[in-house]
Amino acid sequence: MPNAQTVRLALRRLGKQPGFALLAVLTLAVGIGPTTAVYAVFRQVLLRELPVHKPGEFLLLAQQSAYDTGSLNSYGGSQELYFAAPAYRTLRAAVPQLAAIARQPVNFATATEALQVNAQLVSGNYFSLLAERPALGRLFNDEDDRIHAANPVALLSESFWRSHFSASPAVLNLRVAVNGVLFTIVGVVPDEGFMGAAEPVSLFVPEAMQQAISLGRPDTEDDPLARWLLVLGRVPAGSARAQLESRLNGSWIAWRREVLHTRADKISNPAGWMKTSLHLTSGARGITLLKQRLGTPVLVLQAMAALVLLVTCANIASLLLARAAAQRSEMAVRACLGASRSEIVRSTITDALLLGGAGTAAGVALGWACLHLLLHMFAESDNYLVAALAAPWHWSVLLVAASAGVLTSLLFSLGPAVAHARVSPGEVLHSSHGVVGGTAARARGVMVAATIAGSLVLLLGASLMGWNLYRLSTTSPGFTPNHLLTFQVDESATGASRQRTAEVYTGLLASIAHERGVSTAAYAHEGLLSGDQMGSNISVAGRPNKDNDLEPNQNWVSAGFFKTLGVPVLRGREFADADTAASEPIAVVDQAFVRAFFDGDASRALGQHFGFGSGSTTSYPIRIVGVVPTIHEDSMHSLPSVPYLYLAYPQTYGKQSFFGNRHAAHFYIRTAGDPATFAADMRLLVHRADPRLPVLDLATMQEQVSGSIADTRLLAILSSALGVLAASLAAVGLYEVLAYQVTTRRREIGLRMAVGASRARVVRLLLGQMLRLTAGGLGAGALLALGAARLLASSMADLVPAPPLLYLGAALLLLLTALVAALVPARRAARVEPMEALRME
Amino acid sequence: MIALKQIERSYKTGAAQTFVLRNINLTIREGDFVTVMGPSGAGKSSLLNVLALLDDEWRGEYSLDGEQVHALSRKGRAELARRRIGMVFQSYHLLDDLTVAENIDLPLSYKNLPRAERQAMVADTLDRFQIVGKKDLYPSQLSGGQQQLVGIARAVIHSPALLLADEPTGNLHSAQAAEIMQLFRTLNEQGTTIVQVTHSELNATYGRRILELRDGWLTRDTAPAQGASGVHAS
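Heads up: the protein sequence lines correspond to chains G and S, in order. If you want this note's numbering, it's the 1-based position in the first sequence plus 1195. If you want this note's numbering, it's the 1-based position in the second sequence plus 3.
The reader is advised that the hints may include incorrect statements.
Claimed, not checked - Below are the DSBU-like pairs computed for lysine-lysine, each with C-alpha atoms no more than 35 Å apart in a straight line:
#1 S:Lys-114 / G:Lys-1211
#2 G:Lys-1211 / S:Lys-8
#3 S:Lys-114 / S:Lys-78
#4 S:Lys-114 / S:Lys-138
#5 S:Lys-114 / S:Lys-8
#6 S:Lys-78 / S:Lys-15
#7 G:Lys-1211 / S:Lys-15
#8 S:Lys-8 / S:Lys-78
#9 G:Lys-1211 / S:Lys-78
#10 G:Lys-1461 / G:Lys-1741
#11 G:Lys-1470 / G:Lys-1741
What the hints assert, rightly or not - Some chain S residues near chain G, calculated using beta-carbon distances under 7 Å:
#12 Leu-57
#13 Leu-83
#14 Arg-87
#15 Asp-100
#16 Thr-102
#17 Ala-104
#18 Leu-109
Bear in mind the hints are in silico, worked out from the structure with no lab data behind them. The beta carbon of each residue, even a glycine, is placed where N, CA and C say it ideally should be.
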């Protein structure tokens, strides 16, 4: 360990070379900053555990079955994690330390405001299992959670309580409407829910209240074929997990057998139904929605940031090697005066650690600032991105920054330390000038080539991401997003009847259509590009079902929907006001539907009938009246993987389905001018229609389109920034090496010129050296990039390779940068006066 | 104090071997003030390197204060040099980043001496060389003569038995050179054995014995024939 004097002297040495120290610290900062910032996001997305007591003790139950049937209401995570309520009760009877949860977006209304929030339905023992204490009031107990006799009580999450109720204790016993059902607030709990930061929970209600707030969905509490609950358990470290798993499996198999017996009519593959097992998976991180959505891009970014750090490392190593050469005579003097090798190495490492420390501090500050800048840039774009970028600066983030600082310091001090340790004390008698040794010069060359290689990989990565962003930005969504405003309301979530809901939507649509500047307006049940989908299998009249038939997704849309969206009707017609609940059920289908069920022949599809479900009792009440192009319904990244069919919204009110009474409406308003200027009017119109109705996701369609590719944009921006950063570092490194060469080879250059070399030849000498280093770096970089491309292709299926010319352009850009970096030293070399240079020696 | 026996030093130049020291046999007694002279390339600095234990690649036998240097490990030689030898250089080789006092302290900092003891020794040396007023200055703030004075102070602070000087006045004008040489004489009179390498006939007059090297051979030694030193040119 360096002592106080070593540190003091190192500080003085660095203070005497402020330019060098500043350059090194800044270089390190731009290496450590991105690494730290990306790690903060990496931790948030991939590593962050639930903020509960001993999260490592939490386990999630997962089932693996050869065959399953019935309905599944998933809200994230693997389908294997979802259980039917009767299954949970059976398992809990065998193992009491189990709890159940589910998530549901609900309409939350007080006397003064109404908004949509995430609610988490929890079993009565959930909070005691989590060992949580209320911030105010009380928590739930088993009494609150009795099936069909539950208490309408609710808890607020602490963050929601603070943001919406100013942490007022008066919330206790407050009556609020949740999906139109009155609940009493009995407490506040410091919990953000099991879905993490991406979907923070504002409200907790007893799981047994599910039916009350389900907006008319069928009662699933006693349905063994309706899977909608996550089951978690707590197993203290060191407990016999295998025994627990075995006990659970015993109950599970018995329950499956019983269901097979009672619901034989619904289970067509009894052997597959019984080929099942339960296993325990880690629940420490809850349901990792952020990981599912952003895991791979963040992993790619972390790898890129690490590469920038390595490039930085090579750059500073090169810088320090030059300094080591200049310090050679000082080290010889020290050795001559009795300094041991270890003392010399220690002083070299102390210098590096000091630089590393300052660079780390600057890097952490830079990373923090960058992350906040990104958060600001993407604040309006996407909840998931915001949740990822709003990563807290946990101590482990600082630890990673410090480790990166120490590690890079040690790494880049390795070369100088070896160079110093090799200094022979006898050199002190030979020369007073530091002359770079052949090995050190070669090492610097290798470092520069390495930075060029790393830069090429990053620039090629940036080209790939940039190309994909360009492709997505220029992809037509299949509708015309210009002059289009959208927002979402859900009258049904206020507890309104179907009739009232229909009246509100019809009235709202009429008042919007009367607004000056509005050309057309329509609404749909599922929002475009929201990612929400609903689908079920269908049977077409006169066409036998096939095993590989796709299950179409569906959307319910009002009259004029396709006209408002700017989607051309290819065949037939779209929905009209005359298509009411009382008229014949009709559908408009997309081209993918026609391909899947009518061999691509749209004229054959028109007039055909289909129905939902399959089997001998299926009827075919719905007639196809129109065909539209396949549009980007769910995401801008790709077209839907299944066909789409559209139903007339008024004809869905009588529909009995898993969605029950839920009738949300995403409004689309085509305007003559800037759609954003209509936003305030829309709020006013909704308020007039129903003051309790929250307006959600009010935005222009362009903003929605832009938001749906925000993750690609973030990846493109960050990878480009990292690529440019690395290329700049490579240029600086190259400049330093060549400038140093000019200084140390001044005599040689003078001599060459004295014996007849022209200035152009001297410039060519330097440029030739630059070209050799750059070519070596580009070659190595191309090989590395090939490997990286294979890894990327296997982990990011959506990525489309960029045209080869773009990659070539990136390489040429790097070559050009290297050329510019080499020009200044080359010109300086050409200006060397031969006699002066020779006299200097 | 010093006995060299058949010392040879050579470098490999391609396939050939180039000798810079050939069959050097030499004895230097305690209290001697020896001047090594000769034209450039004669082997003066190489001999000084061997004497200073800065070079490990020679062959032959070297005894310093009874210690058989040729039998010592590299570490042992470094330790012996640290205790017994002080070095003065033509271009002073003061460290720019250190003050005068810190430069003088440098050899002590590589020994396991208590801080207080080191500070006392530095204070004594500053006083002895009359440079107390300059102790906080940096080398760049001193004249050449003053820098060499500090270089000598640094070389003798640990009271070496042997002081080796490589062209100690090479970068100084004559008045400064005379002062430095007078200082060497005083140190020698106080008991320090001195070996200096120089081209200057005038500097040589401060010493009591002259060795002359040519092409690596020791060709002249002004020591009395019956003395402890001898010249064997072959």
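Hints, one by one, checked against the model:
1. S:Lys-114 / G:Lys-1211: Cα-Cα ~27 Å, so holds.
2. G:Lys-1211 / S:Lys-8: violated, 47 Å
3. S:Lys-114 / S:Lys-78: With Cα atoms ~14 Å apart, S:Lys-114 and S:Lys-78 stay inside 35 Å; holds.
4. S:Lys-114 / S:Lys-138: Measuring from Cα to Cα gives roughly 21 Å; hence the hint holds.
5. S:Lys-114 / S:Lys-8: Between S:Lys-114 and S:Lys-8 the Cα gap is close to 31 Å, so the pair holds against 35 Å.
6. S:Lys-78 / S:Lys-15: Roughly 25 Å between the alpha carbons, so the hint for S:Lys-78 and S:Lys-15 holds.
7. G:Lys-1211 / S:Lys-15: Violated, because 40 Å separates the two Cα atoms, which is more than 35 Å.
8. S:Lys-8 / S:Lys-78: Measuring from Cα to Cα gives roughly 22 Å; hence the hint holds.
9. G:Lys-1211 / S:Lys-78: This hinted pair holds, its Cα atoms lying about 33 Å apart.
10. G:Lys-1461 / G:Lys-1741: The given pair, whose Cα atoms are some 20 Å apart, holds under the 35 Å limit.
11. G:Lys-1470 / G:Lys-1741: holds, 25 Å
12. Leu-57: holds, 4 Å
13. Leu-83: With a closest approach of 11 Å, the S:Leu-83 hint is violated.
14. Arg-87: Violated: closest Cβ of chain G sits about 11 Å from S:Arg-87, beyond 7 Å.
15. Asp-100: Holds - the Cβ of S:Asp-100 comes within 7 Å of chain G, reaching about 5 Å at its closest.
16. Thr-102: Check failed: Cβ of S:Thr-102 comes no nearer than 10 Å to chain G, outside 7 Å.
17. Ala-104: violated, 13 Å
18. Leu-109: holds, 5 Å
In summary, the numbered hints that this structure violates are 2, 7, 13, 14, 16 and 17.
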